[in-house]
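Quick note, the sequences are listed as chains A and B, same order.
Going by the working numbering, the first sequence opens with residue 1, and the numbers climb by one from there.
Going by the working numbering, the second sequence opens with residue 1, and the numbers climb by one from there.
Derived from the structure by calculation, the hints contain no laboratory data.
Just so you know, not all the hints are guaranteed correct.
[Said to hold, decoys possible] Pairwise CB distance ranges (calculated):
no., chain 1, residue 1, chain 2, residue 2, range
1, B, Q26, A, L236, 56 to 62 Å
2, A, G673, B, D33, 22 to 28 Å
3, A, K44, B, E107, 34 to 40 Å
4, B, V178, A, S89, 33 to 39 Å
5, B, R80, A, S655, 49 to 55 Å
6, A, D207, B, D149, 53 to 59 Å
7, A, G113, B, G51, 51 to 57 Å
8, B, D181, A, W189, 44 to 50 Å
Glycine included, C-beta positions come from ideal geometry on N, C-alpha and C.
Below, each chain spelled out in residue letters.
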Amino acid sequence: MRKADTLFAAACGLILTLLAATAWAQPGPVQRPHIEVELVSEVKHVRPGEPFRVGLRMMPDEHWHTYWKNPGDSGLSTEMEWTLPEGASASPIRWPYPERVPMGHLVNYGYGGEHLLPVTITPPPGLQDGSDMTVQVAAEWLVCEEVCIPGDAELSMTLPVRDAPAEADAAVADLFAWADRRRPEAVDWPARFDAGGEQLAIQVESDALPAAAEWTVFVGVENVVDHARPAETAQLEGVLQAGQPLSPYLGELPDAMPVVFVDDASGEAFEVTARPGSLQNTGAAAPASDPTPPVGWGLAMLLALAGGVLLNLMPCVFPVLSIKAMSFVGGAGHDQRAHGLAYTAGVMLSFAVLAGVLLALRAGGEAIGWGFQLQSPWVVGLLVYVLFALGLSLSGLFTFGGSLMGAGQSLTEREGVSGSFFTGVLACIVASPCTAPFMGTALGAAVLMPWPMAMGIFLALGFGLALPMLVLGFSPALARRLPRPGPWMETFKQLMAFPLYLAVVWLLWVLGRQVGADGLAAVLGGLVMLAFVLWLAGRRDRSATMASIRHVAVALGAVAAVAALGAGVRMSHSPGEVENAWWESYSADRLAELRADPQRGVLVNMTADWCITCKVNEGVALNTDAVREALAANDVVYMKGDWTRRDEAITAYLSEFDRNGVPLYVLYPHDGGDPTVLPQVLSPGLVVDAVESL
Amino acid sequence: MIHRSIQLFTAAVVLAASAAVVAAPQIGEPAPDFSVVDTEGNTHSLSDFAGRKVILEWTNHECPFVAKHYGAGNMQEQQRVARDQHDVVWLSVISSKPGAQGHVSPERADELTAERDADPTAVLIDESGDMGRAYDARVTPHMYIIDADGILRYMGGIDSIPSADQDDIPDATQYVMVALDEMATGESVSQATTRPYGCTVKY
Numbered sequence: 001m002r003k004a005d006t007l008f009a010a011a012c013g014l015i016l017t018l019l020a021a022t023a024w025a026q027p028g029p030v031q032r033p034h035i036e037v038e039l040v041s042e043v044k045h046v047r048p049g050e051p052f053r054v055g056l057r058m059m060p061d062e063h064w065h066t067y068w069k070n071p072g073d074s075g076l077s078t079e080m081e082w083t084l085p086e087g088a089s090a091s092p093i094r095w096p097y098p099e100r101v102p103m104g105h106l107v108n109y110g111y112g113g114e115h116l117l118p119v120t121i122t123p124p125p126g127l128q129d130g131s132d133m134t135v136q137v138a139a140e141w142l143v144c145e146e147v148c149i150p151g152d153a154e155l156s157m158t159l160p161v162r163d164a165p166a167e168a169d170a171a172v173a174d175l176f177a178w179a180d181r182r183r184p185e186a187v188d189w190p191a192r193f194d195a196g197g198e199q200l201a202i203q204v205e206s207d208a209l210p211a212a213a214e215w216t217v218f219v220g221v222e223n224v225v226d227h228a229r230p231a232e233t234a235q236l237e238g239v240l241q242a243g244q245p246l247s248p249y250l251g252e253l254p255d256a257m258p259v260v261f262v263d264d265a266s267g268e269a270f271e272v273t274a275r276p277g278s279l280q281n282t283g284a285a286a287p288a289s290d291p292t293p294p295v296g297w298g299l300a301m302l303l304a305l306a307g308g309v310l311l312n313l314m315p316c317v318f319p320v321l322s323i324k325a326m327s328f329v330g331g332a333g334h335d336q337r338a339h340g341l342a343y344t345a346g347v348m349l350s351f352a353v354l355a356g357v358l359l360a361l362r363a364g365g366e367a368i369g370w371g372f373q374l375q376s377p378w379v380v381g382l383l384v385y386v387l388f389a390l391g392l393s394l395s396g397l398f399t400f401g402g403s404l405m406g407a408g409q410s411l412t413e414r415e416g417v418s419g420s421f422f423t424g425v426l427a428c429i430v431a432s433p434c435t436a437p438f439m440g441t442a443l444g445a446a447v448l449m450p451w452p453m454a455m456g457i458f459l460a461l462g463f464g465l466a467l468p469m470l471v472l473g474f475s476p477a478l479a480r481r482l483p484r485p486g487p488w489m490e491t492f493k494q495l496m497a498f499p500l501y502l503a504v505v506w507l508l509w510v511l512g513r514q515v516g517a518d519g520l521a522a523v524l525g526g527l528v529m530l531a532f533v534l535w536l537a538g539r540r541d542r543s544a545t546m547a548s549i550r551h552v553a554v555a556l557g558a559v560a561a562v563a564a565l566g567a568g569v570r571m572s573h574s575p576g577e578v579e580n581a582w583w584e585s586y587s588a589d590r591l592a593e594l595r596a597d598p599q600r601g602v603l604v605n606m607t608a609d610w611c612i613t614c615k616v617n618e619g620v621a622l623n624t625d626a627v628r629e630a631l632a633a634n635d636v637v638y639m640k641g642d643w644t645r646r647d648e649a650i651t652a653y654l655s656e657f658d659r660n661g662v663p664l665y666v667l668y669p670h671d672g673g674d675p676t677v678l679p680q681v682l683s684p685g686l687v688v689d690a691v692e693s694l
Numbered sequence: 001m002i003h004r005s006i007q008l009f010t011a012a013v014v015l016a017a018s019a020a021v022v023a024a025p026q027i028g029e030p031a032p033d034f035s036v037v038d039t040e041g042n043t044h045s046l047s048d049f050a051g052r053k054v055i056l057e058w059t060n061h062e063c064p065f066v067a068k069h070y071g072a073g074n075m076q077e078q079q080r081v082a083r084d085q086h087d088v089v090w091l092s093v094i095s096s097k098p099g100a101q102g103h104v105s106p107e108r109a110d111e112l113t114a115e116r117d118a119d120p121t122a123v124l125i126d127e128s129g130d131m132g133r134a135y136d137a138r139v140t141p142h143m144y145i146i147d148a149d150g151i152l153r154y155m156g157g158i159d160s161i162p163s164a165d166q167d168d169i170p171d172a173t174q175y176v177m178v179a180l181d182e183m184a185t186g187e188s189v190s191q192a193t194t195r196p197y198g199c200t201v202k203y
């Protein structure tokens, strides 16, 4: 009896022990509060050495969910610990991208409904054909609806080992397909993050970024961002930026930040590993030093000289100079040299003035390059008038004389050295519209150089322009080879009017883009008036009365022509010029003045051409109608500083905000109070919001 | 015109959205004041405790993360250490709305304190959630330390291992205890914000 009891007890103990040994890891689905979990395999058998996928199938109750690797503002990510045969290994969880799960005022990242967390198992190559392989996992999760329940399970699965191609298990194919659809593609695109300000800014560069994407961003590390406030994204030409407010509980930032971008439009998803780094150093040039000019100074000088010579052939210059050249024919040698030198002086002085203005403006932070003179519709309009008048003169409509209209031009016709000097000035003036399109690239190098070198290049250009006439002046032999004057010269002069008219057409096109069709019509009306005035000025009078009437008419016509130009140029305040007019260039004095004005706030944008972030922010946020209207409606002046070249004033401004790079966006309230620094990644909503809450 | 209306609408939505975002209190700034009734019917305000350190502990007895720390005796021990050695006013705050998990009557709250041998100075019943929102209390447990000058010195989790497993407690850094020790020696709190982990507060 006792023996039997003991035996029975021993048997029970043995059975219990055996049960315990096998029961810890259960095959098949397991029920836990509010969730069913199961270890599943994509394949029906294991092939020695061939990696295969298994996964934790999780089936929470309706409205319940589990968590992604970054669970969001609360919650816990699911964890798995594997027990595998010797020689086998398990990959980390290949996390499908999650959903945003709002919980009150917080947002979690997780999964509702049936889902699968896949893992790749690599079995040892030495597995025996015909044996079994058992895979065990200890899984821990948190499953939540309104309330949360932690759960765990020890799960196992035994698969037969066969040295035969893998066979998919159709029963779980849909689950693995679901995980594959949501698996972000791991890409090695350059990605940086910066947690300066109160925002995590992420910048990704790739030409493979899908266009027209609608991004949802999941930062893969917990406790970095405020998940309840979704990331704003901006994309422009191969650069994707995202900005998300930082978590108030932010701890240390990791050295590598996985970030998943999901394109809701196409369903594509990718995962980058962002590294810490400031976002601005993405351009070709470094911000700390001057950008390197594309060509060396010596070469640039030579190019400028050659370009200057070529300028003589340009349609705006050639007609004027060829006529001038004729005047050299037959003069006395000494006189010719003086004329040549005076002409050269006129050209070079004019270029020096133009270049000086350009360099001074650049130094003042103006974002201008060569060709800036054509950015003003006033200058373009005046050039149109001058070239048109010159053309009409060549056509024979009138001859420059002592009349009212000819006052300026008559200087160039004046006999003597001063006449040659002013021809040089005129050459520079008429050449300037042509230098912009033809010499822009070469002169682009000049503006990147220190000013004495830049000035040298401009003077080389002027010298090149003056050179042919100078050579003619110093080489009587060459001058003698010019065709003899004769009746053909009149025909040649008239012919030369047409290149000038073409130059006028080109300038009118430039003007049309600045002032629109209305402005252009006004200027064209002004040209007709100019032609009328010039024609009238050239008429002879039969009586003194007629002469007075004519002079009054000429004067009125001249006023009307100038008024037409003025009217046309003023139209530029609509479309074309708004581009330039709606912001001001940064200057410390102007900023101080605006800050002292209680009626006006200021938005300062420190930018640079090589700063991709700046360009993206300007493209997608600052230059939008919404932002412009918000600035206008709230009396906020938009001020831009260009740091493309090192600028001490801007460097000093940046250091006030402990920055050594751009972009920097600073918003000053109307009352002169403390400014707010906006994040590095802007969206229209963010800027509008900031401006309106001033 | 329509375009402009849409923009105005967008702007309005953006403003509304930003207004809805609860701003967390700032470390180094005065902590938000409150006025909440405790289980005995006494109203407590932060200003009542001027000159003393105050610890706020958001709690929900049904939350597994709270159960972890009460079940292991960790929370009670911290309450005693804080009150006995650091002269701290320890306020447990229940912000669960009526009907939600963790909402209790004052009597039940006192029973829970007795059952668990807990030792808070008082248990505040913040049914409206006003106090919780003022502190941007996100989870239970969510911990705050306010110094004698009313300045917020710590906010975040109870410890460094986010789990519901009691076995993790010995290995975890107990942030509140570390912060109290640092404050006692006049140091600044080395980890002033940490990840608060737990169940969401049931506002």
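Just pull the numbers of the violated hints for me, sorted ascending. 1 and 3
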